[in-house]
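One letter stands for each residue in the lines below.
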Amino acid sequence: MPVSSLPSRPVAELLTALSSGNLTSRQLVESCLEAISAQDDTIHAMVHVDAEGALKRADRIDERRRAGEPLGLLAGLPVAIKDNICCRHLPCTCGSRMLESFRPPYDAHVTEAIQAADGIIIGTTNMDEFAMGSSTETSAWGPTRHPDDPQRIPGGSSGGSAAAVSAGLVPLALGSDTGGSIRQPAAFCGCVGLKPTYGRVSRYGLVAFASSLDQIGPFARDAVGAALLLQAVAGHDVRDSTSVRHQVPDYRTELSRPLSDLRIGLIEDHFAEGLDEEMADAVRRTVHQLEERGASVRTVRLPHSKYCVATYYLVASSEASSNLARYDGIHYGRRADGCTDLMDVYCRSRGEGFGPEVKRRIMLGTYALSAGYYDAYYLTALKVRRRIREDFDAAFRNVDVLAGPVTPTPAFRIGEKTDDPLAMYLSDIYTISANLAGIPAISVPAGRSENGLPLAVQFQAPPFEESRLLRLADAVLS
Amino acid sequence: MTEYTTIIGLEVHVQLRTRTKLFCGCSTEFRPDAPNTQTCPVCLGLPGALPVMNRYAFDLALRTAVALNCDIAEFTKWDRKQYYYPDLPKAYQISQFDLPFSASGWLEIASDDDPNATRRIRITRAHLEEDAGKNLHDESGRGGDSRVDLNRTGTPLLEIVSEPDLRSASEARRYLEQMRTLLRFMGVSDCNMQEGSLRCDANVNLHVRTSDGETTATPIVELKNMNSFRNVELAIEYEAKRQRMLWEKTGQSIEDAPKSTRGWDADRGVTFAQREKEESSDYRYFPDPDLVPVVVSREEVEQVRRQLPERPDVRRRRYQEQLGLSAYDAEVIIDQGPEFAEWFDSVAAACGDGKTAANWATQDVLRDLNADGMSLSRFPITSQVMGHLLTWIVDGRLTTSAARDVYGVLKQRAADGQVLTTSLVDSLAAERETVRDTEALTAAVHAAIEALPKAAADVRSGKQAAVGPMIGMVMKQVSGADPKVVRSLLLEALQE
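Residue numbers (the numbering used here), protein chains in the order written: chain A, 1 to 478; chain B, 1 to 496.
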């Protein structure tokens with residue numbers, strides 16, 4: 001097969017080629033590196049590429065394959081990781097000047113898992129600063145551009161991972177999703193993006209944005225790829241107290257199970273004002289296809305979903321204000337020069353290290369947790385969060401999966417929403433509630449708009465039903 | 001006449017005796033000589049690292065709270081207490097705010113007025129939290145960099161808050177002593193103040209009752225940096241006097257001034273203003289989303305209660321009532337802490353006589369330990385060997401002075417590297433075994449009565465002291481005779 005297009009081949013095909021000896025991991029890594037050098041000056045999906053290290057690891061895996069040794073699940077496939085996941089041999093900057101010089105002295109759980117499965121971590125991908133944003137425009141290293149239209153953003157905050165997979169720079173990538181940061185860029189870029197159940201994948205080594213919402217998940221071009229990467233990283237980890245002891249099914253085997261008798265609930269609340277007509281049609285069309293293949297469809301209400309953006313920005317910002325307090329210029333990360341006293345170190349280091357969006361959220365969260373405001377904001381948000389979860393519990397008593405849009409519109413233009421934080425926040429309106437409820441959700445490509453931009457559909461399932469989502473994705477895409 | 005009552009509440013921080021830290025696997029060993037060697041991504045607060053609760057630390061905290069008669073919460077959670085300080089790498093301390101794992105207990109202490117009576121000092125709450133690190137400042141005055149040692153960061157701390165029930169500096173000291181003894185016997189902390197494993201802050205103010213019957217309170221002062229029980233006592237005494245003088249001068253009451261913090265300067269013997277506290281500071285507590293709540297069932301609490309080690313007050317009573325020890329001896333043994341008390345118990349059991357065991361433990365053994373500044377764990381004579389030696393005394397086969405002789409030889413042999421065994425004790429003791437009831441002894445007794453007729457007559461006429469020279473004569477004749485036995489044989493013979 002032509003080397004230039006290798007990373008965009010289906011993962012199943014790549015694995016077959018690798019195991020049959022028609023392809024080596026070195027060739028695959030080299031083709032990724034070529035694609036990156038050819039395209040990434042424009043796209044800017046990658047923050048750091050570890051060419052040398054990746055080739056070395058590829059050679060070792062090729063040697064082992066030649067020696068007939070059994071290989072792990074990822075069997076020499078290159079994987080890119082978001083720039084907020086710790087990996088010993090890569091910088092981890094979180095798209096922030098604050099951590100420009102930070103090299104983690106330890107591996108995240110997912111990093112270890114990828115390496116244990118013989119995946120090759122090829123580099124880190126661009127993101128909104130500390131995952132706060134929906135466009136990658138808040139990255140201190142500049143925005144990532146949409147692979148199909150450099151005037152547009154790829155979504156965010158895991159925009160680099162989505163763009164890298166969609167542009168064929170890498171076959172697989174990991175992102176993190178706090179309010180839609182995997183699904184929204186996957187929708188914009190036209191790839192599969194899965195946010196697993198909260199606790200399904202260990203957060204150990206994922207730089208925290210909002211601990212009770214953050215979850216790591218896969219990007220791939222198809223359901224098989226997403227299933228494979230999820231398989232490699234899912235499972236209980238004693239180092240994350242919120243990681244769940246729940247058996248991990250064989251997602252790829254699950255893919256082949258039929259979708260019969262599936263009850264789909266179409267989320268009525270998500271088809272209200274603000275939803276782009278083409279996007280709405282794409283969702284309806286996809287659901288209709290599934291109906292034709294034996295699924296039953298009904299509409300479902302999530303009455304508290306209208307509060308999800310407000311709830312999210314209180315919960316997420318409160319946690320973020322606390323999680324980001326550690327960046328104080330004392331032990332690691334950026335420290336301002338020429339400070340006169342301790343307060344000066346704190347104020348100037350944080351002042352210089354953080355960008356405006358991060359500062360905005362820290363201030364919002366600090367305010368919400370302050371004495372006298374805690375009950376009105378944070379505590380109220382927790383109560384509404386419970387209601388949102390209950391909405392889902394009720395819905396899933398009658399349906400197996402919920403369907404709706406991922407985003408109100410296709411990918412928007414660079415700069416279009418940077419001056420209007422609220423408009424930017426609303427681009428996550430359909431994705432946020434899965435994080436608040438802790439349930440798994442997936443973004444699946446659903447055709448293109450008239451001007452050629454990817455459209456997408458979102459499916460949400462009860463906790464630990466990732467395999468149901470992957471089966472749906474597979475059904476929609478095949 | 002104006003009456004002043006000192007009102008004191010204590011906040012005690014106790015480092016729990018775990019091998020590893022509260023939320024990671026790093027060692028809790030006290031290593032000021034090797035800063036930042038007992039750290040990992042978790043206790044360094046590195047990006048992405050997550051805490052995992054040390055269940056053993058929680059169990060020790062549970063044991064302590066049960067021993068302090070606290071109610072145990074069925075549901076408890078972790079909160080973040082947020083503030084910036086260089087020794088706090090995450091910029092928040094994981095602590096417990098509104099749902100501590102325990103509350104409403106008490107500790108009994110001897111009362112000021114009547115040492116035989118006890119007073120219950122109420123415990124408001126006890127909660128678990130992680131310790132901070134230590135900032136090290138250049139004290140040379142040359143303005144060198146400050147350094148931070150994070151070895152201590154994350155060490156489990158139990159904060160025990162009392163109600164303001166203490167009424168004098170000496171009571172406060174007794175509370176601390178009682179607390180320390182209890183915690184040591186519960187095996188939850190070594191309570192070493194030098195190493196900072198027990199720290200204490202005191203909230204102090206006065207209730208002033210004037211002759212017209214009105215009572216006002218002076219502003220509350222929190223006292224810090226008191227590094228010994230003695231200093232706690234001195235600082236409170238000083239502070240009570242200072243507040244009294246200030247009240248007399250200004251009449252300032254609790255409504256006029258916020259709570260303030262004062263440090264204790266042990267060298268100058270004064271308290272000094274540190275900062276106006278905390279009215280303005282807002283820790284923005286909120287539940288730590290990285291940790292899961294802890295649920296404790298009634299059954300678990302009952303199990304902890306059943307498995308509680310013997311309490312020091314119970315032990316003291318046992319020593320007096322079952323082993324026949326004096327109150328003083330019982331106290332001395334308890335004061336040495338659980339290792340010593342265990343050692344004593346084992347000696348007493350081995351020799352079968354608590355009083356003899358107590359005499360040796362509190363005199364010879366304790367003197368040697370104190371003289372060498374040695375811990376019991378390095379003391380060469382095991383309780384088995386010691387108990388075996390004492391059986392010779394208890395059975396009347398060895399005099400106390402002969403036993404001391406053996407004890408001395410044992411220590412010497414141990415110092416020479418020999419392993420001490422009960423058979424070694426037997427062979428050393430046999431060489432010095434008391435001669436009694438033998439023909440030689442009877443003959444010597446009669447010989448002495450004949451040789452000293454004047455003394456014999458004196459004894460017969462009731463001057464018991466006159467028996468002394470005859471004892472001496474018999475002892476000279478029969479080496480190894482027990483003077484007590486000789487004495488009674490002489491008195492018996494003289495009564496015939």
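Because the hints were derived from the structure by calculation, they are not lab data. Keep in mind it's a predicted model, so treat the numbers as computed, not measured. Hints are not guaranteed to be accurate.
As the list claims (entries may be wrong) - Just some of the chain A residues that point at chain B, by a computed CB distance under 8 Å:
no., residue
1, G21
2, T24
3, Q27
4, P104
5, T242
6, V244
7, V248
8, F271
9, D328
10, L369
As the list claims (entries may be wrong) - Restricting the straight-line Cα-Cα distance to at most 20 Å, the calculated cross-link-like pairs of lysine to aspartate or glutamate (DMTMM-like) are:
no., chain 1, residue 1, chain 2, residue 2
11, B, K241, B, E3
12, B, K411, B, E439
13, B, K259, B, E299
14, A, K383, B, D98
15, B, K77, A, E291
16, A, K306, A, D341
17, B, K134, A, D375
18, B, K241, B, D98
19, B, K224, B, E248
20, B, K249, B, D267
21, B, K484, B, D416
22, B, K81, A, D393
Backbone N, C-alpha and C fix where the C-beta goes; we use that ideal spot for every residue, glycine too.
Against the structure, the hints:
The closest approach between the C-beta of G21 (chain A) and any C-beta of chain B is roughly 38 Å, which is over the 8 Å cut-off, so the hint fails. Contact between T24 (chain A) and chain B, as hinted, is not supported at the beta carbon level, the nearest pair being about 33 Å apart and thus beyond 8 Å. The criterion of a C-beta within 8 Å of any C-beta in chain B is not met by Q27 (chain A), whose closest approach is roughly 33 Å, and the hint is violated. Taken as an interface hint, P104 (chain A) checks out: its beta carbon lies about 7 Å from the nearest beta carbon of chain B, inside 8 Å.
Taking 8 Å as the C-beta cut-off, the interface hint given for T242 (chain A) holds, the closest approach to chain B being about 7 Å. Because the beta carbon of V244 (chain A) sits about 10 Å from the nearest beta carbon in chain B, more than 8 Å, this interface hint is broken. Interface hint status for V248 (chain A): violated, as the beta-carbon distance to the closest one in chain B is roughly 20 Å, over 8 Å. Taken as an interface hint, F271 (chain A) does not check out: its beta carbon lies about 32 Å from the nearest beta carbon of chain B, beyond 8 Å.
A least Cβ separation of about 6 Å between D328 (chain A) and chain B falls short of the 8 Å threshold, and the interface hint therefore holds. Given hint, L369 (chain A) at the interface with chain B, holds; its Cβ is 4 Å from that chain's nearest Cβ, closer than 8 Å. For the proposed pair K241 (chain B) and E3 (chain B), the alpha carbon gap of about 13 Å is at most 20 Å, so the pair holds. Restraint check for K411 (chain B) and E439 (chain B): not satisfied, since their Cα atoms lie roughly 35 Å apart, outside the 20 Å limit.
Between K259 (chain B) and E299 (chain B) the CA atoms are separated by roughly 41 Å; this puts the pair beyond 20 Å, and the hint is violated. A threshold of 20 Å between alpha carbons decides the hint, and for K383 (chain A) with D98 (chain B) the separation of about 18 Å falls inside it, so the pair holds. With a C-alpha separation of about 46 Å, the suggested pair K77 (chain B) and E291 (chain A) falls outside the 20 Å cut-off, and the hint is violated. Between K306 (chain A) and D341 (chain A) the alpha-carbon distance is near 46 Å, which puts this suggested pair outside the 20 Å criterion.
Of the pairs offered as hints, the one joining K134 (chain B) and D375 (chain A) is violated, with about 34 Å between alpha carbons and a cut-off of 20 Å exceeded. Our distance criterion of 20 Å between C-alpha atoms is broken by K241 (chain B) and D98 (chain B), whose separation comes to about 35 Å. Note on K224 (chain B) and E248 (chain B): the hinted pairing is violated, with a Cα-Cα distance of about 24 Å set against a maximum of 20 Å. Distance hint between K249 (chain B) and D267 (chain B) is unfulfilled; the C-alpha atoms sit about 26 Å from each other, more than 20 Å.
Our distance criterion of 20 Å between C-alpha atoms is broken by K484 (chain B) and D416 (chain B), whose separation comes to about 34 Å. Distance hint between K81 (chain B) and D393 (chain A) is unfulfilled; the C-alpha atoms sit about 33 Å from each other, more than 20 Å.
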